[in-house]
Structure formats: C-alpha cells, structure tokens
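Go ahead and model the full structure; you've got the sequences and the hints to work with.
Listed in order, the protein sequences are those of chains A and B.
Take the first sequence: its letter number 54 is residue 54 in full-length UniProt numbering, and every next letter is one higher.
Take the second sequence: its letter number 129 is residue 129 in full-length UniProt numbering, and every next letter is one higher.
It is worth saying that the hints were derived from the structure and are not from the lab.
Do not rely on the hints blindly, as some may be mistaken.
[Unchecked claim] Straight-line distance between alpha carbons at most 30 Å, and here's what the computed DSBU-like set of lysine-lysine pairs gives:
| hint | chain 1 | residue 1 | chain 2 | residue 2 |
| --- | --- | --- | --- | --- |
| 1 | A | Lys185 | B | Lys206 |
| 2 | B | Lys44 | A | Lys185 |
| 3 | A | Lys185 | B | Lys137 |
| 4 | A | Lys185 | B | Lys129 |
| 5 | B | Lys137 | B | Lys87 |
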Amino acid sequence: MSEATLDRPMPRRFLGRLTAGVPQPMLIGGAILTVFLVLAIGAPLISPYDPVYQDIAARLAPPSLAHPFGTDNFGRDILARVIWSARVDLQIAVLGVIFPFIIGTATGTIAGYFGGLTDTLFMRVVDVVLAFPFLVLMLAIIAILGPGLASFYIAMGLVGWVSYARLIRAQILVLRQSDFAMAAKSLGFSHWRIMFRHLLPNAMVGSIVFSMSDAVLVLLNGAAISYLGLGVQPPTAEWGIMVADGQAFISIAWWISTFPGLAIVVLAFGFSLLADGLGEKLGVRP
Amino acid sequence: MTIDRTPLIEADDVVLHFPAPGGGPLGLTRRSVKALNGVSLSVKPGETIGLVGESGSGKSTLGRALLGLESVTSGHVAFDGVAVSAKNPRGLKTLRRETATVFQDPMNALNPRLTVGEAIAEVLRVHNKVPGPEVGKRVAELLSLVGLDPALAARRPKALSGGQCQRVGIARALAVEPKLIVADECVAALDVSIQGQIINLFLDLKERMNLTLIFIAHDLSIVRRLCDRVAVMYLGRIVEEGPTEQVFAAPRHPYTAALIQSIPEIDPDIVLPEAPMQGEPPSPLNLPSGCSFHPRCAFAKARCKADPAPTLRRRDGHGWACIFDPGQLPSPATATRLTTTGEHP
Numbered sequence: 001m002s003e004a005t006l007d008r009p010m011p012r013r014f015l016g017r018l019t020a021g022v023p024q025p026m027l028i029g030g031a032i033l034t035v036f037l038v039l040a041i042g043a044p045l046i047s048p049y050d051p052v053y054q055d056i057a058a059r060l061a062p063p064s065l066a067h068p069f070g071t072d073n074f075g076r077d078i079l080a081r082v083i084w085s086a087r088v089d090l091q092i093a094v095l096g097v098i099f100p101f102i103i104g105t106a107t108g109t110i111a112g113y114f115g116g117l118t119d120t121l122f123m124r125v126v127d128v129v130l131a132f133p134f135l136v137l138m139l140a141i142i143a144i145l146g147p148g149l150a151s152f153y154i155a156m157g158l159v160g161w162v163s164y165a166r167l168i169r170a171q172i173l174v175l176r177q178s179d180f181a182m183a184a185k186s187l188g189f190s191h192w193r194i195m196f197r198h199l200l201p202n203a204m205v206g207s208i209v210f211s212m213s214d215a216v217l218v219l220l221n222g223a224a225i226s227y228l229g230l231g232v233q234p235p236t237a238e239w240g241i242m243v244a245d246g247q248a249f250i251s252i253a254w255w256i257s258t259f260p261g262l263a264i265v266v267l268a269f270g271f272s273l274l275a276d277g278l279g280e281k282l283g284v285r286p
Numbered sequence: 001m002t003i004d005r006t007p008l009i010e011a012d013d014v015v016l017h018f019p020a021p022g023g024g025p026l027g028l029t030r031r032s033v034k035a036l037n038g039v040s041l042s043v044k045p046g047e048t049i050g051l052v053g054e055s056g057s058g059k060s061t062l063g064r065a066l067l068g069l070e071s072v073t074s075g076h077v078a079f080d081g082v083a084v085s086a087k088n089p090r091g092l093k094t095l096r097r098e099t100a101t102v103f104q105d106p107m108n109a110l111n112p113r114l115t116v117g118e119a120i121a122e123v124l125r126v127h128n129k130v131p132g133p134e135v136g137k138r139v140a141e142l143l144s145l146v147g148l149d150p151a152l153a154a155r156r157p158k159a160l161s162g163g164q165c166q167r168v169g170i171a172r173a174l175a176v177e178p179k180l181i182v183a184d185e186c187v188a189a190l191d192v193s194i195q196g197q198i199i200n201l202f203l204d205l206k207e208r209m210n211l212t213l214i215f216i217a218h219d220l221s222i223v224r225r226l227c228d229r230v231a232v233m234y235l236g237r238i239v240e241e242g243p244t245e246q247v248f249a250a251p252r253h254p255y256t257a258a259l260i261q262s263i264p265e266i267d268p269d270i271v272l273p274e275a276p277m278q279g280e281p282p283s284p285l286n287l288p289s290g291c292s293f294h295p296r297c298a299f300a301k302a303r304c305k306a307d308p309a310p311t312l313r314r315r316d317g318h319g320w321a322c323i324f325d326p327g328q329l330p331s332p333a334t335a336t337r338l339t340t341t342g343e344h345p
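Written as structure tokens, this is what we have:
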C-alpha cells in the first residue's frame, strides 16, 4: 500500500481517499452543488458587476466579452445576476426542504409509533392537505401571509411536510414490529428513546434521499412562486424572476431567460444526481 | 431444586386474540386469530421451562404475553406476585426491569445503527445499573461473560457472525441483571455447531446466576437438554406439562407422543415412523370444536369432537389435557431411544 501511494502526488492521494467508494453520480452531483455554493458565498468577489446596477446604454446587449451572458432590458449584467441568485435559490432549496423535513419526520414518527387514534388523526390531516392541489394551497397560504420569502418558507412547511410524514410513518410501521424494537420495549426503554434513538435513525434513510430530489421540486416551486410575483421581490436577483422578466423579450433577447433557466436546470440536475448516488450508497431507491 | 417456592411468573387463564386483517370495509365480519385460549402456567425461581409446539401453537405469543409485550384479552399475568397489565404501570415497570428477552433472529434483534458496546451501555445507563464512569468496564465484563472478546464492543451487528450476535443479545439481556430471561427460538437461526455453544452458554449462565429461563423452541432435543420442565402447546393451549424426563419418557397426550415420534434421528438406520400425525395444525382463525387436536389425533373418539376441550389434569406434577388416562396410549417406541443429544441429569 505504501509503495503505491508514495509515488502519487499528495493532492490526488487526498482526493482519492476522500472519494473512495462514493458512487459516481454522487461525486458529480456533489461537485455541481459545491460550484453553486462557491458562487453563492463568493458572489461579491466573483461577480463581474453589481447585480442591480443599470447600464441603460448597454440595454439588451447580446452575450459578448464584456457581458458573457448579455444584459437585460435595464442593462443589468445577466452573469452577475445569475451568480447573485445562487444565494437566494440555494437558500430556498435548503430551507424549503428543512422545515417540511422536520415537521414531517416528527409527525410521521409519532403517528407510526403510537398508531391507533393518533395515527388516524395525523393521517386524516395529511389527506386534507393532499386533497388540495399543491401549488394552489401554497398560493393561498402566501396570499394570506403576504408575498415574500418568509411566507414561502412557512407555506412550504405547512404543505410540504405530508410527503415526509407518509414516508417516515410507513418505515416506522415496519420497524415497530422488528425484533430490535421489541427488544428495546422489553428492556424498558421509554417511548421517546425507542422512537428517536432506535426507530428513527433506521427509518430516515429513505426520506433523506427523497429530500434531495425534493430540493429540486422546491427550487422549481420557488421559481414558480417568484414568477407569479409572490416570492422574491424585485430588484433582488432570483432565477425564477429573471426567467419571468425575460419572457417578454424572448424573441429579441433570448439570453435573458435562457441563462437563469439553465442555472435552475443544472442545480436541479446536481440535486438529482446527489439523490441518486446517496440512494445507491445507502441502499435505497429514491 | 427450588420447587416449593412461590412462582416468579404466573399466567392464569390467559386468553389473547388478535384481530385478523380484512373483515369487510367496516370490519363488521372481522375474525380474530385465537393465539392463546386459556393458558395457565407458573414458573418458579431458578427453574428452566421449555415451551414447545409447532409454529402457530402460540408459544411465542405466550412468551410475549408473559413479558407484557402483548396485552392479554382476558386472564392475568403476575410477576413476583404483582399483577402485570397495561393498567398497572408499576407492575409493568418492575417486570421490564427484571426480565429480558433473547430473540430468534440475532441480527435483527440488535439495532443496526448502534455498536455492540453502545447497545449494552444503553441498557446499563437507562436502568442505572452501574455509575457512569464504570459503564465501559461493565460492558467488557458482560461481553467476556458470554464468551466474546471485549474488543468487539466497537463493532456493529453487521460485522459480526450470527453466533456472535446472539451472544451480544444474551449479554444485553444479562445487562439488566434479570431474574427471568425469555429466550424465543434463540438458536433456531444458528448453525448446529453454534447452537451447541449457545445452549452450553445458557446451561453455564443458569448455573452461575440462578437464572429463571423460559425457553421457547420447536427443537425438542434442545429443550430436553436444557429444561427442567416442559410445556407442550397446541393451538393456544397447553396440552401437556411436566418434568422434562417424564414427559419425554412417557408422554400422556397423543400430540406430545406424535411430536416426540417425529424427531428425526441422526442414525440413518432407524426408520422414522410413517407420519405419526397428519397434515398441519388447523387455522387459529377457526378452531375445531371440542379438543382442538381431534382432527389429527390417531386415537380420537366421537366425544373428543362433541365435548368441550378437556382441561389439564394433573398427577405427580405431570399435567395433560386429554380424555385418555396415562398408559392408555400406546407408548411411542422412539421415546426411549431419544438420547442422541447426550445424557441429561
């Protein structure tokens, strides 16, 4: 082993060890997400222009060396806006998943573990939420709370938890009957301990993988909500809004909508690959 | 022997019915699985009792009912003189603190996400068995007690063999310092060579720690080797119960006799009797009338079907639930030869 590693350059050895046994899709997905994360964090350093600076003289400029992605109808640099948007959109993807994940996991665990009336109650609530079309319910909640990202997260939490609750509940129902759950019960462990230390860690794998692909849906949802003017407010750069704004000029300036649209596709692709690889690694199919 | 002391755990006319799945949209025609139909059993401290029977006979259910893992439909379970039921949390708590279970499938009985050491340490911490800093030491002690290298504490169940997992399961059970251990088919999933080791471990622990053991098994030779007393179950009833040697030498219930005759011998020259018992046990959803064994019994009379199921009769500490008196059944020839597993004291 030492012979083989000695003549290898240091960075490769480090990378090789880090990525050993990691499925390829996960590597690529991880790399894509890392790039977006770097863009988001380093936006002030990387971005060539101020994302809201309007250069009226350079309105609707096609992609060129000065403006690699072109400019929009206000003369704002598309590349700068795409980079700055990564901050908002990554935040949407992460927070839009975390709230439903936590709420859904908790309710699903309790419903599945206790069963009976508790289960019936929780699952009827799930049915009620599912009875409404997803986007319509989201829009209704945001309309009540007022437009903005905070409302979007709250609406996401209120609507999105049902899928997690169902996933986790189904797993807990199976695990509850397992010998190790019986063993934990017969050893006199508390409900709390059995649920969250013994059952949940074994039930969560599937929903962790699902959360990755869910991030894609949330991202598209965020874009849709912003597109409808209920999410991120202008002039903040956000891919969904940029696509919406560019729509009017699609025949004369294709680049306004295309580049932010591509950014959404690539980030979504990254999440999908990560979900795929994670599923392979943890032994579940999303 | 500690035969005269009060029972450690006692079941009195325990009935346990599960609702069967299905039964129409509103569950109006729902039937129930009659898992236990009036079981009485008492186990004295220090005793090892074997529960045997075919699958579906209710032996595992009885084990779970005794440990309060299933709530009984009617009847009582008492541990150390205190009634155990969902309505009596204190009784249940005592029971949980002083009993432990060893399960059939050693791999599944351990949480796959915890290391062996964590799994055992958790029990010690929850029950405050040893002061915090000494947990690690006690874990090592328990592992060596069941014949495992304490270094295995850092492994997860996946990295252990079936036999090692079962030893860990036993170590975890012992961590409770239980008065009673229920071992539910705990060697059925293991290789024969490992089975012997685990049985010897049980014999050893039983002697050293004065454990009371309820040993659920379908392997009669193992029960014969390990148990002082044996209870034979059929369709949720105990049909025969008595000292192991007496039961094996002179079974009083035709079912027991047939079971003993069915044991395959290791000697290939011995011809097995041709099907001492026909078919499979009837469904516990739909019990036969009268004695539930009558459809398969070679000696069944008309009244076995018509009369209510015979109750357990007792003579010289050996009970049986059959209308025939001892000696009226032709004694199975194989019973006397059943010593291939070694001499029992």
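Structure-based check of each hint:
| no. | hint | verdict |
| --- | --- | --- |
| 1 | A:Lys185 - B:Lys206 | holds (24 Å) |
| 2 | B:Lys44 - A:Lys185 | holds (24 Å) |
| 3 | A:Lys185 - B:Lys137 | holds (25 Å) |
| 4 | A:Lys185 - B:Lys129 | holds (18 Å) |
| 5 | B:Lys137 - B:Lys87 | violated (38 Å) |
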